[in-house]
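Residue numbers (the UniProt record's numbering): 1 to 143.
It is worth saying that the hints were derived from the structure and are not from the lab.
Hints are supplied without guarantee of correctness; some may be wrong.
DEER-style ranges, computed between Cβ atoms [said to hold, decoys possible]: (1) Ala-33 - Asp-120: 44 to 54 Å; (2) Phe-72 - Asp-136: 33 to 43 Å; (3) Gly-92 - Lys-41: 47 to 57 Å; (4) Glu-131 - Asp-105: 14 to 24 Å.
We put the beta carbon where it would ideally sit given N, CA and C, even for glycine.
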Amino acid sequence: MCGRPAVRGPRRTSGTPSGGCTRTCGLGPSAAAALERMVVKGTGRAPLFGDGGVTMVTFSNWTKARLFETDFSAAVVAKKDRGGGGSSSKVGRPSYTRTAPFMDDGLALQGVTSIIGKDDDGNYWLQPMLEKGVWDRIGYERC
1 MCGRPAVRGP RRTSGTPSGG CTRTCGLGPS AAAALERMVV KGTGRAPLFG
51 DGGVTMVTFS NWTKARLFET DFSAAVVAKK DRGGGGSSSK VGRPSYTRTA
101 PFMDDGLALQ GVTSIIGKDD DGNYWLQPML EKGVWDRIGY ERC
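Could you build all of it, start to finish, from the sequences and the hints given here?
Below is the structure:
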């Protein structure tokens, strides 16, 4: 790892899953597109292309759910009865929330990061479910 951030601002690498294949698989754009069409037709799913050593991390953006804007003010007890807390959240609104990304069989999903939303301080909350060591590799590219 060279220590440079892998993402240097907004960018779009491809409009299709096969876009990276022209670089990593050695296929030309038309061959990659043909392979993608064939796989989609046969399986109903888009193929993933890339190096076999890559760790795939998917993101689920829950920001539009506006979880930190949920109004629980009707359930708030008088200020003298409330505990301490150091959050700048408005009274009756969550200062913390989390998701539980599990499959139907109860197993936790690995490689999934939920973007929970933005709190009153403007911070985005993420909940990554990653294997040990993955977080250390996120955000850096190999040189």
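Any hints from earlier that this structure breaks? Give me their numbers in increasing order, please.
none
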